[in-house]
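Modelling step: build the complete structure from the supplied sequences, incorporating the hints.
Residue numbers (the numbering used here), protein chains in the order written: chain U, 98 to 344; chain Y, 98 to 344.
Keep in mind the hints are simulated off the structure, nothing from the lab. One or more of the hints may lead you astray.
No copy is singled out in the list; a pair is fine if it fits within one copy or between any two copies.
[What the hints assert, rightly or not] Dumping the calculated DMTMM-like pairs for lysine to aspartate or glutamate here, alpha-carbon to alpha-carbon at most 20 Å:
{"no.": "1", "residue 1": "Lys332", "residue 2": "Asp194"}
{"no.": "2", "residue 1": "Lys344", "residue 2": "Asp331"}
{"no.": "3", "residue 1": "Lys294", "residue 2": "Glu310"}
{"no.": "4", "residue 1": "Lys338", "residue 2": "Glu327"}
{"no.": "5", "residue 1": "Lys309", "residue 2": "Asp190"}
{"no.": "6", "residue 1": "Lys309", "residue 2": "Glu299"}
If you want the building blocks of each chain, they are given just below.
There are 2 protein chains.
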Amino acid sequence: MLDFLNSRRTIRRYTGRPIDPALLDRLLEAACRASNTGNMQAYSVVVTTDPAIKAALAPAHFNQPMVQAAPAVLTWCADYNRFSRWCECRRADACYDNFQSFMASAIDTLLAAQTFATAAEAEGLGICYLGTTTYNAGEIIDVLHLPRLVVPVTTITVGWPDEQPAQTDRLPLDATVHRDTYRDFTPGDIDRLYAAKESLPENRQFVLENGKETLAQVFTDVRYPRRNNEPFSDKFIAVLKQQGFLK
Amino acid sequence: MLDFLNSRRTIRRYTGRPIDPALLDRLLEAACRASNTGNMQAYSVVVTTDPAIKAALAPAHFNQPMVQAAPAVLTWCADYNRFSRWCECRRADACYDNFQSFMASAIDTLLAAQTFATAAEAEGLGICYLGTTTYNAGEIIDVLHLPRLVVPVTTITVGWPDEQPAQTDRLPLDATVHRDTYRDFTPGDIDRLYAAKESLPENRQFVLENGKETLAQVFTDVRYPRRNNEPFSDKFIAVLKQQGFLK
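Shown next as structure tokens:
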């Protein structure tokens, strides 16, 4: 298992072969075995295979080609709608229209999504997560007709791999793991932890191509800049309010 | 793999046997192979094995016995501190003090946490997630000395299993899976989807013990009531502001 998990890579190109619906259901069943808060299963997943609906979703994902090329697009949603409907049918006060409930359901959603991803990869499928989901959650809500108390938090495209890309790098373990309590980083720690990443030929090339001085500037000025982060923050907060999770 | 994922269960009782630190590192390395946003790895995990620090964490988790009984308590944190320190050392504008960046880092954190959980279970360890993490994030921040732009989103206790509990139920797949777009639930759908859960002897007993009319009322009145959800929402929003992720 560890060798399998350590050898994984994200797959963005898929063959035209569809995914057997019975296989997809088995993967989704395994996903539902993930831990979840109070066994409320406060999540849902919209499995989109209809080309017209995939095409309608594509702009929300900035037309990344995986959305229309993948045989299935899975939109994973924090969902207290179903649970609240159950409460309403059972004379119970559905009290999940608040931010804490959003966090609990988003956590449940992501544990199920990642279990699906692992299960899919174990069956030979390739997956790609789309971070655009929280940028344009409102547009996705419209396309998929998501009701109140349902908010998309991530999307997985899945299909049979048509590429075998090189594995991406990871930071040394002591960049992400702290022992007993958090110890903050000195400039010397930062130099040591980022040295290998900064020296990779593809990253040096990336800095040159973008006309920047440092790799960090490619992230802050080009890939994840303030001019995107701040408006997308406002958009997502507005979505949480619209869907009933935030006052 | 699917059989393995489908047979899992949460483990809350552990033997006294410690976890070999080398094994723990291998599990953490596998966790870091999970997908993440832009390969920024905007997460961290505090691995607490010191009994005194576990004891200090326990009240934040309402003294659930797993916290002190488990050989290791892993607090998984959304973390833009390390990345921002790198930016500062590299003349880049660290622009991740916003809610969108919190969401991206929380997502990355949870995918890594769940990969850790799967890896640990594959090696025969047992795990339990603690949803109390977002209730009392501020208290955890104090105990673990988490700096600005670091917020705990979940906790996993891990150890060698000292129980083999029955598997908990799950809703039928069509409760959580929607095809192409979301279709909302009628009262008839709710009756059908919740029938098996409501008829389980342990759930009938649970309703009786709590003096309630329905299982849903046990959730809304006892386990996850408004009187907890709303103050915990305010607390977590205050933590996001204090740690710099929300204006």
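Evaluated hints:
1. Lys332 to Asp194: So Lys332 and Asp194 pass the 20 Å test inside a copy (19 Å) and across (15 Å) alike.
2. Lys344 to Asp331: Both. Shortest intra-copy (14 Å) and inter-copy (10 Å) distances satisfy the 20 Å Cα cut-off.
3. Lys294 to Glu310: within (15 Å within a copy, 59 Å between copies)
4. Lys338 to Glu327: both (17 Å within a copy, 15 Å between copies)
5. Lys309 to Asp190: Classified as between: cross-chain Cα gap 13 Å, same-chain 55 Å, threshold 20 Å.
6. Lys309 to Glu299: within (14 Å within a copy, 62 Å between copies)
Consistency note: the structure conflicts with none of the earlier hints.
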